[in-house]
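S.K.: Protein chains in written order, with my numbering: chain Y, 1 to 228; chain L, 229 to 731.
Don't take each hint at face value.
With a straight-line cut-off of 20 Å between C-alpha atoms, the simulated DMTMM-like cross-links for lysine to aspartate or glutamate are [what the hints assert, rightly or not]: (1) L:LYS640 to Y:GLU76; (2) Y:LYS203 to Y:ASP164; (3) L:LYS640 to Y:GLU51; (4) L:LYS382 to L:ASP367; (5) L:LYS382 to L:ASP400; (6) Y:LYS203 to Y:ASP184; (7) L:LYS484 to L:GLU297; (8) L:LYS640 to Y:ASP184.
Because the hints were derived from the structure by calculation, they are not lab data.
For clarity, every value in this text was computed on a predicted model and none was experimentally measured.
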Amino acid sequence: MIAIDSLSKSRGSLRVLHEVSLAGAEGGVTALVGASGSGKTTLLRCLNGLETFDAGGLTVAGHRLEPGPHVPATLERLRRDVGMVFQQFNLFPHLSVIDNVTLAPRTVLRMAAEEARMVGLALLERVGLASFAAARPATLSGGQQQRVAIARALAMQPRVMLFDEPTSALDPTMTAEVLDVIIDLAREGQTMVVVTHDHAFAKRAATWVVELAAGRVARQGPAAEILS
Amino acid sequence: MITTSPRPVAPWGVCALALVVGVATAGAAELDEVRRRGELVWAADQEGGGPHVFPASDDPTRLTGFEVEFAELLAAELGVRARFQQGQWDRLPLLLGRSADCVINGIELTPERQRDYRCSRPYFAYALQLLGRRAGPLDAFERLSGPGPHGPWKVGVLTGSAAETVMRSRSDLDVEVVGYDGTLDSLEQVRTRVLDAAVMDDCIFTFYADRFADLRTVGRPFAGGLYAVLTARDTPELAAAIDTAIGRLIADGRLKSLYDRWDLAGRQQMLLLRDATEIPAAPSRSTWDLVRETLPLLVRSAGMTVLLSCISFPLAILLGLAVAVGRLYGPPILRPLLTGYVEVLRGTPLMLQLYAIFFLLPKVGLALPAVVAAVAGLALNYSAYESEIYRAGLKAVPLGQFEAALALGLTKWQALRHVLVPQAVRIVMPPVTSDFIALFKDTSVCSAITVIELTKRYSVLALSTGRIVELAVVTAILYLAMSWPLALLSRWFERRLESGGQR
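With the hints as constraints, model all of the structure from the sequences given.
M.R.: Here it is in structure tokens:
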């Protein structure tokens with residue numbers, strides 16, 4: 001599902017990623033761990049083309065990305081199959097919760113409004129927020145917003161989900177409600193890549209762990225081995 | 229000369245004139261064209277006032293004046309009806325071959341005009357008259373040769389008129405000549421002692437003498453000249469027909485009886501007699517009557533103001549949004565072009581743009597009606613400002629919003645349409661509203677291309693009634709009555725956008 005071979009990226013003279021390769025993430029939950037500035041988030045953003053890279057290549061959900069500028073059409077196809085959840089949620093503040101969830105199915109998949117609404121409500125139900133469908137994102141707590149963001153990404157029925165430190169902008173009290181949703185997804189067999197600092201969460205959820213240090217893979221392997 | 233223009237003739241106005249002069253349309257068939265149309269369209273500026281062309285005092289919707297009657301006589305001689313075309317006095321010749329067949333508005337015969345246009349044989353002889361305060365120290369024209377009580381005599385004239393040319397050329401006089409844009413501005417300034425004297429066509433002062441009862445003529449007229457009908461250079465047949473017609477009007481006495489009817493000679497006599505023995509000025513109308521008579525006209529012109537702004541601003545917003553999006557997200561080759569578009573439209577005066585649209589586009593075959601040209605000019609001009617506001621608004625939307633939309637599989641344009649633009653619109657609401665109010669007031673510039681809106685109507689009525697202050701208050705109230713609800717509406721809209729769901 002996800003393969004990365006010798007991917008390198010520089011910003012100016014700074015090597016952000018240096019020949020990163022990743023193979024064992026065929027399905028399951030891959031945790032990207034490492035110190036701040038080690039390149040975890042940049043690597044994750046390379047996976048859906050929000051960042052370009054200079055050398056190497058990667059394949060996600062059957063879509064191949066090459067070095068240099070990406071072709072918009074390729075990215076649009078890839079992103080239908082790859083959902084992303086951001087550290088800061090990035091919900092659309094001018095839309096209601098349900099409209100946040102249904103925007104992509106309606107505009108990208110051309111789903112009928114009524115059908116999109118049914119799908120959206122089911123997803124909100126699943127993250128425990130069906131009663132907030134008509135609310136504005138700004139009226140929700142951080143944990144609720146992040147759960148809406150997960151529902152929004154799931155609405156495209158992605159084959160791969162990317163999580164960029166999904167709980168680091170949250171109070172500890174709200175972390176659990178978000179992690180529970182992610183762990184549920186993992187149990188259902190959703191392939192995902194999670195950038196996280198949360199050792200306990202990685203231990204609970206991850207099947208494969210990649211540890212980055214200064215843009216290089218320090219070590220990687222099955223979660224049980226690496227995190228023990 | 230007569231008349232008033234709301235602002236001085238700027239250098240670019242002269243440029244526009246130079247561009248247009250000598251390029252007039254039509255051929256030798258222009259006389260046939262007038263006959264076929266059944267109308268002789270004559271241009272004048274009713275703001276120039278009496279006795280030439282001005283709104284009738286008993287019915288401000290009707291124009292009167294000796295030139296109105298003269299134009300009707302002239303048209304009848306050609307076998308057609310006369311139709312009035314409003315224009316800004318100093319730019320009336322620009323309308324030739326465009327929206328008028330001829331100009332009849334106290335246009336003095338000068339060598340320059342004879343070079344650039346066809347000037348008819350004269351139809352009126354004017355004389356230049358020196359005017360001063362009754363009790364003032366200036367009691368004879370000859371006194372101007374020596375110094376006044378406080379240095380050179382300060383003498384007011386209408387900018388661009390023959391009076392100005394003559395006074396500035398008299399090096400034998402110890403005078404400081406001050407130019408004004410309004411016909412009667414200099415008289416007001418003499419009355420308030422800012423000036424020592426004024427010089428203007430005698431018929432104008434004679435006409436308004438009652439309003440300026442505390443002023444008097446000083447000596448006999450000291451210079452003079454002739455008014456002629458202007459036609460375009462390339463309309464020889466029309467010019468010849470007009471000459472013939474004027475000749476007949478002079479020969480058979482109809483022109484004289486017209487001038488007798490307007491009492492253009494007799495009133496001067498009366499004035500001399502009046503000046504000899506103090507006679508109080510006639511009482512003026514009550515403010516209530518004034519408002520009742522002028523309000524319908526003012527309200528109708530306010531309708532034009534509303535029409536211009538309510539059509540042009542939505543266009544400006546759409547155009548501005550398109551330009552802003554193009555500059556930020558469009559193809560790289562397009563961006564410098566759009567930047568140029570914004571800078572050219574922001575960096576040149578709105579009036580020049582209106583000129584280009586109304587006077588120059590017809591040269592390339594695109595003749596727009598004045599109102600359409602006005603809407604187009606306002607929309608283009610304001611689109612440049614709106615695009616800058618939208619550009620700032622789009623940049624103010626956090627990058628994460630764009631990324632989140634792209635990550636969901638939306639294309640760049642879908643992300644703009646559904647995520648960035650709706651948020652930018654909310655951000656820029658306050659400055660856009662204030663621009664709408666600005667445009668609303670800028671519609672007054674459109675009088676330069678013959679559109680009569682509220683400000684122009686005010687100027688015309690203020691001059692013809694002499695009730696400058698009262699009418700200014702009424703006009704200001706009308707503007708406020710229109711712009712205030714607008715501000716309230718946009719504030720309501722803003723609140724709605726902040727709270728409600730718009731999708």
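S.K.: For the pair we were handed, Y:LYS203 and Y:ASP164, check the Cα-Cα distance against 20 Å.
M.R.: Distance of about 17 Å is within 20 Å: holds.
S.K.: Run the distance test for Y:LYS203 versus Y:ASP184: straight-line Cα separation, threshold 20 Å.
M.R.: holds, 15 Å
S.K.: Holds or violated: L:LYS484 and L:GLU297, Cα atoms, limit 20 Å.
M.R.: holds, 12 Å
S.K.: Are L:LYS382 and L:ASP400 close enough, with their CA atoms no more than 20 Å apart?
M.R.: It holds: about 15 Å lies between the C-alpha atoms, which stays within 20 Å.
S.K.: L:LYS382 and L:ASP367: Cα distance at most 20 Å?
M.R.: The given pair, whose Cα atoms are some 15 Å apart, holds under the 20 Å limit.
S.K.: Taking only the CA atoms, is the gap from L:LYS640 to Y:GLU76 under or equal to 20 Å?
M.R.: Satisfied, since the Cα-Cα distance of roughly 9 Å is no more than 20 Å.
S.K.: Within 20 Å, alpha carbon to alpha carbon, are L:LYS640 and Y:GLU51?
M.R.: holds, 15 Å
S.K.: If you draw a straight line from the CA of L:LYS640 to the CA of Y:ASP184, is it 20 Å or shorter?
M.R.: violated, 33 Å
Of the numbered hints given earlier, the model fails hint 8 alone.
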